[in-house]
Structures are given as C-alpha cells and as structure tokens.
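Asker: First to last, the sequence lines map onto chains V and Y. Every letter in the first sequence is one number past the one before it in my numbering, and letter 223, counting from 1, is 223. Every letter in the second sequence is one number past the one before it in my numbering, and letter 59, counting from 1, is 59.
Because the hints were derived from the structure by calculation, they are not lab data. Hints may be right or wrong, so weigh each one.
Mimicking DSS-like on lysine-lysine, the simulated pairs with C-alpha atoms at most 30 Å apart in a straight line are [said to hold, decoys possible]:
#, chain 1, residue 1, chain 2, residue 2
1, V, K345, V, K80
2, Y, K23, V, K183
3, Y, K222, V, K140
4, Y, K320, V, K30
5, V, K188, Y, K141
Number of protein chains: 2
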Amino acid sequence: MSDKAAAKQRFINVFDGLVEELKEILISYKMPQEAIDWFVRNLDYNTPGGKLNRGLSVVDTYAILNNTTADKLSDEEYKKVAILGWAIELLQAYFLVADDMMDQSKTRRGQPCWYLVEGVNNIAINDSFMLEGAIYVLLKKHFRQDSYYVDLLDLFHEVTFQTELGQLLDLVTADEEVVDLDKFSLAKHSFIVIFKTAYYSFYLPVALSMYMSGISSEEDLKQVRGILIPLGEYFQIQDDYLDCFGTPEQIGKIGTDIKDNKCSWVVNQALLHASPEQRKLLDENYGKKDDVSEQKCKDLFNEMGISKIYHEYEESIVAKLKEQIEQIDESRGLKKEVLYAFLAKVYKRSK
Amino acid sequence: MSDKAAAKQRFINVFDGLVEELKEILISYKMPQEAIDWFVRNLDYNTPGGKLNRGLSVVDTYAILNNTTADKLSDEEYKKVAILGWAIELLQAYFLVADDMMDQSKTRRGQPCWYLVEGVNNIAINDSFMLEGAIYVLLKKHFRQDSYYVDLLDLFHEVTFQTELGQLLDLVTADEEVVDLDKFSLAKHSFIVIFKTAYYSFYLPVALSMYMSGISSEEDLKQVRGILIPLGEYFQIQDDYLDCFGTPEQIGKIGTDIKDNKCSWVVNQALLHASPEQRKLLDENYGKKDDVSEQKCKDLFNEMGISKIYHEYEESIVAKLKEQIEQIDESRGLKKEVLYAFLAKVYKRSK
Ligand SMILES: [Mg+2]
Ligand SMILES: [Mg+2]
Ligand SMILES: [Mg+2]
Ligand SMILES: [Mg+2]
Ligand SMILES: [Mg+2]
Ligand SMILES: [Mg+2]
Chain V
1 MSDKAAAKQR FINVFDGLVE ELKEILISYK MPQEAIDWFV RNLDYNTPGG
51 KLNRGLSVVD TYAILNNTTA DKLSDEEYKK VAILGWAIEL LQAYFLVADD
101 MMDQSKTRRG QPCWYLVEGV NNIAINDSFM LEGAIYVLLK KHFRQDSYYV
151 DLLDLFHEVT FQTELGQLLD LVTADEEVVD LDKFSLAKHS FIVIFKTAYY
201 SFYLPVALSM YMSGISSEED LKQVRGILIP LGEYFQIQDD YLDCFGTPEQ
251 IGKIGTDIKD NKCSWVVNQA LLHASPEQRK LLDENYGKKD DVSEQKCKDL
301 FNEMGISKIY HEYEESIVAK LKEQIEQIDE SRGLKKEVLY AFLAKVYKRS
351 K
Chain Y
1 MSDKAAAKQR FINVFDGLVE ELKEILISYK MPQEAIDWFV RNLDYNTPGG
51 KLNRGLSVVD TYAILNNTTA DKLSDEEYKK VAILGWAIEL LQAYFLVADD
101 MMDQSKTRRG QPCWYLVEGV NNIAINDSFM LEGAIYVLLK KHFRQDSYYV
151 DLLDLFHEVT FQTELGQLLD LVTADEEVVD LDKFSLAKHS FIVIFKTAYY
201 SFYLPVALSM YMSGISSEED LKQVRGILIP LGEYFQIQDD YLDCFGTPEQ
251 IGKIGTDIKD NKCSWVVNQA LLHASPEQRK LLDENYGKKD DVSEQKCKDL
301 FNEMGISKIY HEYEESIVAK LKEQIEQIDE SRGLKKEVLY AFLAKVYKRS
351 K
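Make the full structure from the sequences, and use the hints.
Answerer: Okay, structure coming up:
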C-alpha cells in the first residue's frame, strides 16, 4: 500500500469507529433496530466513498501546524483530529444528498444517488438532516471539555449557513428548465462559488485544525481566510474550465455544464466578451440537452479564446496567492506551509 | 384586542424585527437581491401562521420562573426571551417544510405547503436548511455573551437530533403505500411521539426559559423532563384520539389518520385487543383511501370501546402527572406552576 493509500485507510478506519459510536447512542435511546440499521446505511452510503480531500486536509494541516507529519501522530491524537475531518465529510454528505435531490441527479461517486436507492425516496430529506445532526453528536462527545468547543460550533454553524446561501443563489440563478442568460454574471458566479464551495472546502478544514492547535486568533483566521477563499474560487473556476475543456481522462467524467445550463465561469466569460451575434448563439444553444447545441457552444468558446483567458487568470491568481502567502505573519504559530500545501494541490490538478 | 391576542401580537412583532436582522446579515454578505427576497419570503411563509403555542410558552414559562407576567417584562427582556421562542418556531418550520414534502401533504395552516408554491418545488429542501440555519444566526447574535450560550447550542442540537430520530422511525414504520400492521406497536408509537413531538414541543420551551432564568441544574432539567415527556406523549395520544373520535368542530379539521395509514395510538390499542376476525378487518381496511373502509375501522374502534380505554388512560395519566408535579423540589427556583400551566393547556383541550 502506498503512503497515500495507507493515510486514507487510517482515516477511513476512524470513520468505522464513529459509526459504531453513533449506533451506540441510538441503542442507548432504545431506538428500534430497523431505524438503527437505516441510519447506519445512510452514514455508510453517503459519507465515505469520495476523495476525502477535505477531511484528510484537516489532519494534514494539523500535522504541519504541530511540526510533525500525520503518520507520527499517536492514535489518540490522530483520532481526535480525524473526527474534525469526518465532521466536514458529514457536512458535505448532508449537502450532497440534498443537492442531488434538488438537481434531480442520477449518480454520485459512481453509484445511484441516495434518494434513488430502492425504498428511500423522500426519506432522503430526513436522512440529510441526520447526517448534519451526527456532526454535533460527535463534536459534543469528543470536544465538549475543550476550551474551543463553542468556537467549533460557531464555525460549523457559520460555514453551514454560508454554504446554504450559496446554494440558494445557485438555485434561483440557474433553473435547469428555464434558460435565461441574463440571470448570469461573473459577480454572481463569484458569490456562488465562494459561498457554496470555498468556505466549507477550503476555509473550514484549516480553521478547524487551527482551533485544535490553539492557533486561532482572529488575526490568524483572517490571514488564512484571505488566501483560502480566493483559492477556493480559483479551484471552482478551474473545475468549470476543465468541465468544458478537459479531456474525460483528465477529469474522470464527461462534462455536462453546458447541457445543464450551469452558471459556469466559462459561459460567464463568454457573455462578458460576446458580440450580439455570439450572444444570440448562446441564447439559442446554451442549456439545450442535445450534442449539436453543446458543440456549437464549445466551438464559440474556442473561437473566443476562453482557454487563453483562463490560463492568464490562472497564472495571475497563482502569482498573487504566492505573494500573499509570502506575506503571512507566522509569529503566532501559523505556517505558510499550510497554504502552500493547499495551493499545490489545486495548481497541479491541471498541470 | 383580548389579552391573549395582544400577547400574540407582541410576540409576532418580535419576529418582524428578527426578519429584518436576518435580512441585514445577508445584505452585509452582499448577497444579490433576488436571494434576499427569497429568504425573507421563506421565513414569512413558513414560520408564523401557526398557533405559536411552543414559542409563546417560552415567554410564559420565563415569566413564571421570574415571578412576573409576560406583559410586565421590559421590551428588552421580552425580546430576548421571545427570540428563544422564535428559535423553536423556526425549528418547527424547518421540520414541517420537510415533513410536508416527505408526506406529500397538500396544505399546511390553511395555505398550500411551501414546496407546492409556484416556483419552489425542491428548493424547499434548501429553504428548510436555512430555517434551521437562522436559529444559530440569531442565537449567536443575541446570546453569544451569555454564560449559558453553549448550553443553548447543545440543547438545540440534542432536541433536533431526537426529533429527526422520531421522524426516521415514523417514516420507516408507516409507509403510506404499503400497509403492514405488523410494523405497528404501542412501544413504537410511544417512541415516535416522544422523539418526534414531546422533546421539541414540551421539554425544549421549558428548558430554554430555565437556562435564561439561571435555573438549569441537571437535577432541575431532569425534574421537568420527567413530567414534560409523558405530558407530550399524552398530548399526542389525545391528538390521535381526537383525529378519530373528535368532531370536525372540536378539532378544526377532518381527521385522516385511518386513511393515511398512521401509526396512531387508536389503531395500536385496537391491535392490542383485536380478535383474529377483528385483526382481519383491520388488515383489509386500515390505510385504504375510501370512506367505506374508513367507516368499517371506525365502527370496529367503537365496538372495541377504544373511547373508554382512552378516557381511562387520560384520567390515570393526569392523576399521575399531578402527583409528580406535587413532588417537585422547588428549592433551586423551579416552580410547580410551570408544569401545571402546561398540563392545564393539554387537559382542557378535550374538555
Ligand atoms: Mg448538483
Ligand atoms: Mg446543485
Ligand atoms: Mg463542475
Ligand atoms: Mg406530515
Ligand atoms: Mg410525517
Ligand atoms: Mg394528528
């Protein structure tokens, strides 16, 4: 097993223990067996199975902040920080179960979406609630005695609400049925991706490990937020770019943003620079479910040089982020290395 | 305006202010206008409009614990305790928006269910999340400086999770499509109603006002829980009884539990005492959508004397609760009157 696979396995082993703990709590409530089985299946089906980048990054950040590497952490310390990682994965599971219902998606992580599993249907709504509920059960059990417990709760609440705000704006902006490109704008795109993705995927893991490391002054949290939020935005812009311009081998799937009428960075850039004729082509073809319309959009994006705009954006944002990281004040224990590690993960995705 | 109407109006006025506060927070995030408007409409459509019993009982309990009446509270103190009341109403709104989707209900409080409102549909899932999210935004804004802030958070998390557990068991027990009376039992009924209703409707309002009053030792919380949980169970048993045996004038609606295949106290009592022939009648008619089947079930319930069993249960539980209330230790500031007030509200409903 490679080091990376071993690290992932150790993280997954913690999850199996957490499912047992949650099960025990339901047993202590004398919850009937069929409901316990259902909850365990909900947890197992929806929480692991992804790349676990967010959860693992809590552990890795914590190790950097404490001048060590994850593999050197004792089992006890490892478990505690890994619980914070799994709390993010549970938060993501909560969002994804619901998002798939709202988007009427069919598959997630190579299996049917939870709400499409036989016998589940709309029970998936309550199941998503319970995935979120599990976060607070676990935080209380493992962190109630810590001085930063209330900060963890405030942070989860804040980031959860921000993600819901991003989701709301996404939902009212990009109706799959009614295509109206007037609703799109780069400003809205920026708001959606920052709120829907950047806070919980980039800021949350670092902030959690900072609290557990005792490096959590408002100045330090502000320093990392100032870098991780634009980095998260860059990550999503890259995701949008690759959906349209990446090969299936590169992205591991076939992009569908054009057909899905997504408020993507690519279409927003095109809208910004489009002549009246080009705009007309987009109005007539963007968000249509057929291959011909999709290809017309792609041809237009190529003709407009969106790829070049993307690469210029990428070089410029990466340079800017590096400059910002260099200016970080490490005097209270924060480490530039934390931010460089995040930047490297995003930058190398497309290289 | 009657005293009761004036009290309700003062409570509702606080809500209007809270919606403004929540709006301001979205504005401070620079959230686009259409999403702000959507959130405000979500709050207004789903939160007030009910009887507000749960929210108002926080205020009333707080007044009793502080040797005063609600109308004598200063505007500042009133607003603070009313926020806790609205936090319960938001929690209920969160559950009801989702419950109506899961039950495919058509109306709620005399208007179409939120998910059936033009343009809403599945966005209602994220809207329910945001109703819950609003609780923590408001608690942080108004209680962050208080010593019991973390207790409020723990309490909301615990009760939320308990309610979700009750909802889960309800969903896996009473499938509207597949009628299987073997899934029902009085023990399951008791678990469902305690978890789905009693914790958030009875224990939560009292516990919140106890924290704000500084009367919140674990002994005192345990004392009230020991009375409010069986009282909440009695309330729901009464609700089930009235759904079947109450007149439309009495209950303000036409009961549908039989047709809806509800795991009601009434059918569970019947199952407990049914002869093989009576059981056969239930298997063949309970949960069917037609009036004839429904009437057959009602006739059987009458023949089996379920009404008499209910009245015996009611007299016995009321006597027991009174006895328990009499034994309450008031030495740390808790008041029997709090519990008598709750009991009176439930007992008089059917008298
Ligand atoms: Mg989606
Ligand atoms: Mg979506
Ligand atoms: Mg994408
Ligand atoms: Mg319902
Ligand atoms: Mg229901
Ligand atoms: Mg009822």
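Asker: Taking the hints in turn, state whether each one holds.
Answerer: Against the structure, the hints come out as follows:
At most 30 Å may separate the alpha-carbon atoms for a hinted pair to count; V:K345 and V:K80 meet this at roughly 24 Å. Restraint check: the Cα-Cα separation between Y:K23 and V:K183 comes to about 21 Å, which is no more than 30 Å; the hinted pair holds. Distance hint between Y:K222 and V:K140 is fulfilled; the C-alpha atoms sit about 19 Å from each other, no more than 30 Å. Proposed proximity of Y:K320 and V:K30 is supported: the alpha carbons are some 24 Å apart, at most 30 Å.
Of the pairs offered as hints, the one joining V:K188 and Y:K141 holds, with about 27 Å between alpha carbons and a cut-off of 30 Å not exceeded.
Comparing the model with each numbered hint stated earlier shows that all of them hold.
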